[in-house]
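Chain by chain, the residues:
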Amino acid sequence: MTHPAGSLLIAQDLRKTYGPTTALDGAEFSIHPGEVVAVMGPSGSGKSTLLHCLAGIVTPDSGSITYNGREVTSMSDSERSALRRSEFGFVFQFGQLVPELTCVENVALPLRLNGSSRKAAERTALGWMERLEVDDLRKKRPGEVSGGQGQRVAVARALVTDPRVLFADEPTGALDSLNGERVMELLTEAARSTNAAVVLVTHEARVAAYSDREIVVRDGRSRDMERVV
Amino acid sequence: MSVRQWSRDLAMGTRFAFAGGREGWTRALLTAVGVGLGVALLLLTTAIPNALAERDRREEARSDHTFSQQEIPKADDTLLVVDADTTYRDQDVRGRLLEPDGPKAPRPPGVAAFPADGEMVVSPALKELLASDDGKLLRERLPYRISGTIGEQGLVGSQELAFFAGGKGLEQRLEGPASGARIDSFGNDDLGSSDPWDPVLLLLVLVVFVVLLMPVAVFIAAAVRFGGERRDRRLAALRLVGSDSRMTRRIAAGEALAGSVLGLVLGTGFFLLGRQLGASAEVFHVSVFPSYLNPSPLLAALVAVAVPTAAVLVTLFALRGVVIEPLGVVRTAKPARRRLWWRLLLPLGGLAMLYPMIGQGRDQGDFNQYLVVGGVMLLLVGVTALLPWVVETVVARLGSGGVAWQLAVRRLQLSSGAAARMVNGIAVAVAGAIALQMLFAGVEGDYTASSRYDVSRAQMSVEVPEGARTAATIGEYRDTEGVRKVTALSDVYLGDRRDEPDSFAQITVADCASLREVATLPSCRDGDVFAVKGSQYDSESDHLAKPGTTLWADAGDTARSGDREVSWTVPKDIRQAQPREDPTGNERGGILLTPGALPGSLKAHLSTQLFLSLDLSKADAYDHVRNTAARLDPTSQPMTWNSIERNDRYATIRTGLSVGAACVLALIGASLLVSQLEQLRERRKLLSALIAFGTRRRTLSLSVLWQTAIPIGLGLLLAATVGMALGAVLLRMTNMKIRVDWPSVLSMTGIGAAVVLVVTLLSLPPLLKLMRPDGLRTE
Numbered sequence: 001m002t003h004p005a006g007s008l009l010i011a012q013d014l015r016k017t018y019g020p021t022t023a024l025d026g027a028e029f030s031i032h033p034g035e036v037v038a039v040m041g042p043s044g045s046g047k048s049t050l051l052h053c054l055a056g057i058v059t060p061d062s063g064s065i066t067y068n069g070r071e072v073t074s075m076s077d078s079e080r081s082a083l084r085r086s087e088f089g090f091v092f093q094f095g096q097l098v099p100e101l102t103c104v105e106n107v108a109l110p111l112r113l114n115g116s117s118r119k120a121a122e123r124t125a126l127g128w129m130e131r132l133e134v135d136d137l138r139k140k141r142p143g144e145v146s147g148g149q150g151q152r153v154a155v156a157r158a159l160v161t162d163p164r165v166l167f168a169d170e171p172t173g174a175l176d177s178l179n180g181e182r183v184m185e186l187l188t189e190a191a192r193s194t195n196a197a198v199v200l201v202t203h204e205a206r207v208a209a210y211s212d213r214e215i216v217v218r219d220g221r222s223r224d225m226e227r228v229v
Numbered sequence: 001m002s003v004r005q006w007s008r009d010l011a012m013g014t015r016f017a018f019a020g021g022r023e024g025w026t027r028a029l030l031t032a033v034g035v036g037l038g039v040a041l042l043l044l045t046t047a048i049p050n051a052l053a054e055r056d057r058r059e060e061a062r063s064d065h066t067f068s069q070q071e072i073p074k075a076d077d078t079l080l081v082v083d084a085d086t087t088y089r090d091q092d093v094r095g096r097l098l099e100p101d102g103p104k105a106p107r108p109p110g111v112a113a114f115p116a117d118g119e120m121v122v123s124p125a126l127k128e129l130l131a132s133d134d135g136k137l138l139r140e141r142l143p144y145r146i147s148g149t150i151g152e153q154g155l156v157g158s159q160e161l162a163f164f165a166g167g168k169g170l171e172q173r174l175e176g177p178a179s180g181a182r183i184d185s186f187g188n189d190d191l192g193s194s195d196p197w198d199p200v201l202l203l204l205v206l207v208v209f210v211v212l213l214m215p216v217a218v219f220i221a222a223a224v225r226f227g228g229e230r231r232d233r234r235l236a237a238l239r240l241v242g243s244d245s246r247m248t249r250r251i252a253a254g255e256a257l258a259g260s261v262l263g264l265v266l267g268t269g270f271f272l273l274g275r276q277l278g279a280s281a282e283v284f285h286v287s288v289f290p291s292y293l294n295p296s297p298l299l300a301a302l303v304a305v306a307v308p309t310a311a312v313l314v315t316l317f318a319l320r321g322v323v324i325e326p327l328g329v330v331r332t333a334k335p336a337r338r339r340l341w342w343r344l345l346l347p348l349g350g351l352a353m354l355y356p357m358i359g360q361g362r363d364q365g366d367f368n369q370y371l372v373v374g375g376v377m378l379l380l381v382g383v384t385a386l387l388p389w390v391v392e393t394v395v396a397r398l399g400s401g402g403v404a405w406q407l408a409v410r411r412l413q414l415s416s417g418a419a420a421r422m423v424n425g426i427a428v429a430v431a432g433a434i435a436l437q438m439l440f441a442g443v444e445g446d447y448t449a450s451s452r453y454d455v456s457r458a459q460m461s462v463e464v465p466e467g468a469r470t471a472a473t474i475g476e477y478r479d480t481e482g483v484r485k486v487t488a489l490s491d492v493y494l495g496d497r498r499d500e501p502d503s504f505a506q507i508t509v510a511d512c513a514s515l516r517e518v519a520t521l522p523s524c525r526d527g528d529v530f531a532v533k534g535s536q537y538d539s540e541s542d543h544l545a546k547p548g549t550t551l552w553a554d555a556g557d558t559a560r561s562g563d564r565e566v567s568w569t570v571p572k573d574i575r576q577a578q579p580r581e582d583p584t585g586n587e588r589g590g591i592l593l594t595p596g597a598l599p600g601s602l603k604a605h606l607s608t609q610l611f612l613s614l615d616l617s618k619a620d621a622y623d624h625v626r627n628t629a630a631r632l633d634p635t636s637q638p639m640t641w642n643s644i645e646r647n648d649r650y651a652t653i654r655t656g657l658s659v660g661a662a663c664v665l666a667l668i669g670a671s672l673l674v675s676q677l678e679q680l681r682e683r684r685k686l687l688s689a690l691i692a693f694g695t696r697r698r699t700l701s702l703s704v705l706w707q708t709a710i711p712i713g714l715g716l717l718l719a720a721t722v723g724m725a726l727g728a729v730l731l732r733m734t735n736m737k738i739r740v741d742w743p744s745v746l747s748m749t750g751i752g753a754a755v756v757l758v759v760t761l762l763s764l765p766p767l768l769k770l771m772r773p774d775g776l777r778t779e
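Heads up: the protein sequence lines correspond to chains A and B, in order.
Sequential numbering from 1 applies to the first sequence in UniProt numbering.
Sequential numbering from 1 applies to the second sequence in UniProt numbering.
If you're looking for bench data, these hints aren't it; they were derived computationally from the structure.
Positions of the beta carbon are idealized from the N, C-alpha and C atoms, including for glycine.
Any given hint could turn out to be false.
In silico DSSO-like pairs for lysine-lysine, Cα to Cα no more than 27 Å straight-line [what the hints assert, rightly or not]: (1) B:K136 with B:K168; (2) B:K104 with B:K168; (3) A:K140 with B:K685; (4) B:K618 with B:K572; (5) B:K618 with B:K136; (6) B:K685 with A:K139.
Simulated DEER-style distance windows between Cβ atoms [what the hints assert, rightly or not]: (7) B:V373 with A:D176: 38 to 46 Å; (8) B:A279 with A:D77: 54 to 62 Å; (9) A:S43 with B:P290: 54 to 62 Å.
Put together the whole structure using the sequences plus the hints.
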C-alpha cells in the first residue's frame, strides 16, 4: 500500500498479537484531513485493533504510526493521552457515555479535561448538541434517552474539541437502520464541516457507503478497496 | 402458582449462582465466604452462654468451700483441703493441698487417685508449662513429683493452670491463717452459679453484643448483594427468552438462597474449625473446651432459618428499584425521593424503648433486657435507614468542581443508595462503639479505682508465717533475687482493760528505718517508744498512750502465751511522732515501739507483715518472691500491689469490646474492598473509554477517592451523632452525668476513616490496571 503525500495519519507494517492470536500482521493505513475512510472486515479480523493502534490507545508490537509528522509509537503514555484529548475524537458502538453525568455534561467532558471552565465547556457542548439535534436532551442522563439519541450525544462529545481525526468504532452497531443512517449523516456532515478526518470501523456496507474510501482488514492485513459505484 | 413452578425457578436460580465458569464460582464463593463468616460469628455468639454456663457448672462441681458453720468431724469419708493458689507471671494457678482422712474420702472431679505426700496431679496446660523452659521458676515453687493429670471434668478451661498436691499435717495449717476446710464432698449446691451481675455491667454486655452483631448483620446483607449488577443483566437475558417479572424475581431469590445456604455450610465449617482451634486459645485468661461451645439448638435453628430468609428478602428488596426488561436492565430512572419520616421513626422508636430505662441505675433495679436490646438495635438500624437519605440530600446540594469531583458527585447523585450501603456497616460499628466508649468512660470511675498503694515504696507484701522466726524470714526475703528493701512491721492490739476492754491501741514494733515508713519521728534509736497522734481513724490513742497506762493483750490470745495475762505499761519517756501514710496508703495511729522497748512477753502476740520493695528491672522479681514465700509456707498468699484496681469483669468487657470491634471492622473492610472492586470491574469498559479520550489516570483515581470519601464522611458524621445520642441515653440510664468522651469519638471515627482509606488504597492497583485502554477490546 502506498501512502499519498499530505496524509495526516499514516501507519506502516503494523503488527500486534494478543497471546497466541495475531490481530495485526503488517497492516497499512493512511488518511487525509477531511477524508472519511471506512475500515471493513469480518469479526475478529483486526479492524478494531487497527483503530486502537491508530488512536494511540494500544501500542503495536512493531511498525510505525505517524500523525502530522510525529511518531505516535515512540510517544509516552501521557503524550498519547494528551494527543487523544486535544486532537482526536471517539465514538464507540454503545456510546460509552458516563451514566451519571447529564448529556450536556457528557459532551462537555473532553473540554473540561482540557482545562475549560464548566460554563464555557457546556456552552460549546450545547452548540454541538444543537447541530446533532439533541439539545433538548441536555439535562437528561444517558439512561433516560434512546440508543439513537445517545449515539448522537456521543458524536457531539467526539466533535466538541474540534478534533482533527475522529475515530468511530461501529458507531451504528447498536442502532436500527433508520437511526443508524441519521447518525451517520450527522457524523459525516459535522466532520466534513470541520475538515476532520474520520476513521470509521464497520462491517456494514450501508454504513461504509458514507465514506470516501474503504479499506478491508482480513487476518490482520489491510488492503484498499476499489469503490464500485 | 404451583409449587412445582416455584421450585423450578428457585432451582434455576441455584444453577445460575454457580454458573459462569471461574467468575461465577468466584462470585458465589465470595458471597458464601461473606455469609459464612457472619454465620460463624452468629453461631459463636449463640454458643457463648452455654460455654459460660458450663464453666460455672464445673466450677461449682469442684467447689471445696463450705459455708456451713458446723465443722465436719474427721471420718473415713472426709478430706482436708487447703488453698495453695498462686500466680505465675500474670497467670493464676489454682492449687490445693489434699489429705484424705480415710479410704472413703471424696476425690475432686477429674482426679483418678489422691496424690501422695510430695506428689501432685496437674492440668495438661500446667504440665506443659512445667516441662518448658518458661515454667522453670514455677517448677521451683511446686517441688512435687507429677503423678498424674487432672481430667477435663476437673477443669473449667483447656488452658487452666491447676494442681492438687498431697499434704501431711494439714489440720495444723487450718488452725493458722491458711484457707481451707474439712469436707465430705465436692460441689456446693448453695453456692449458686456465680455472683449476680451488676446491672450496669449486664447493660454493657448486652450493648456490646448488639453493637458487635449489628454490623455483622449489615455485612451479611452486603455479602448477598455481591455480583448484583451482573445478575440483573442475566435476568434481563432471561426476560428476553420469555421469563416474566415474577419468575425473574423467583430466580433471583433462588440465587440468593443458594449463596446463603452455601454460606451456612461454610459458616458451620468455620465455626467447627474455630471451635477446635478455640481449645488451644485463651482470651482474657478464659479458655474453654471445644465441648463447651455448643450453640443452643433453638438459636442455631434460628440462624439457619434467618440467614437464608434475610438473603432472599434483601435480594427482593434490592430488586425493588430495578426494572428488568427483555432488552436490558433499567435502573428506575428517577427513583422516588427518599422520605425522612419513616427513617426517623426507627431511631425515635429506639429512644422511646430506652426512655423508660432512664434513671434505673444500679440501685433502682435491673434493666429490662428486651427493651435495652430492642432500643439499641432500632437506634443502630436507624443509622442504616437515615444514611441513604443523608447522602442523597447532601450530594444533591453539592456544587460543581473539577472533573474528578464532578464525576464523583454525579455518580453519588445517581446511586447514593449504593454508596450509603457501602459505608453502612462502618457507620453502624462506629456509632455503637462511640456509644459504648462513652458509657465505659462514664462508669469507669465505678470500676477502676486508685488502690491507695504507694507502689513507688513497695510492690509486694507478705505475712510472716505463724511460728516462723521473724528475723530468719526477713533474711530469706532480703536474699531473694530482685528484692531491694524489706520493711518489717509487727503489730498487736492492746486493750485498756484485762476483760472486755472498751478501746484498743495498735502497737507497732519495728526498727527505726521501718518505723520511719509509717511515721515522722523526731529522732530514733533502739529502745525508743513513740505515740502517734492525729492519724486517720484513730481517736483512742490520745488517752491510751499516756505514760503509766497499763494495756492488756486480748484475753483470747492468752493461749499463745501459756495462759498468762500479758500487760504492758506505757513508759514515761514516750515521745510524740507525726503520722505518715504507710506504703499501703493508711495512716497508723497508736504506739510505735523499737525492738529494744518490746517486753519478751508480747513477742508471741505479734503478727508480722513485710513490705517488699523490688528492683523491677530484674526479670521475674515478683515470681522470685512468690517462690521464697512458697518455700517458707506453701499456703502463703503474697500480695502483688497495683496502683489501679480494676474490676475484672469490667476490664474483660472493655478488652472484649476492643478485640470484637477490631474483628468487625476488619470484616467490614474486607466486604467494602470486595464491593469496591466489583463496582470497578462493572465499569471497566467505561473507564477504558474515558482513558481512550484522554482522561488522566489521576483524575479517575481522585474521582474514586471522592466517591468513597464523601459517603464515609457523611456516614461517620451521622454515626458520631447517633453514637453520642445513644451514649448519652446509656449514661442517663445508669444515672451518670452526660459527658462526651471526645477522645473516644475522634478515635472511633478516625479508625472508621482509616479502614476506608486502607480499602481505597488497596483498590487503587486494580483500578490502575482496569484503566488500561485495551479494556475496550471485546474479542
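Each hint tested on the structure:
Proximity of K136 of chain B to K168 of chain B is assessed by CA-CA distance (about 25 Å); at most 27 Å being required, the pair is judged to hold. Between the alpha carbons of K104 of chain B and K168 of chain B the distance comes to roughly 17 Å, so the proposed pair stays at or under 27 Å and holds. Of the pairs offered as hints, the one joining K140 of chain A and K685 of chain B holds, with about 22 Å between alpha carbons and a cut-off of 27 Å not exceeded. Taken as a hint, the K618 of chain B and K572 of chain B pair is broken in the structure, with Cα atoms around 47 Å apart against an allowance of 27 Å.
Distance hint between K618 of chain B and K136 of chain B is fulfilled; the C-alpha atoms sit about 16 Å from each other, no more than 27 Å. For a cut-off of 27 Å, the pair hint linking K685 of chain B to K139 of chain A stands: about 24 Å separates their Cα positions. Remark: the range hint 38 to 46 Å for V373 of chain B to D176 of chain A is contradicted by a beta-carbon distance near 59 Å. Our hint of 54 to 62 Å for A279 of chain B and D77 of chain A holds, since their Cβ atoms are close to 56 Å apart.
Between S43 of chain A and P290 of chain B the C-beta distance comes to about 60 Å, which sits within the given range of 54 to 62 Å.
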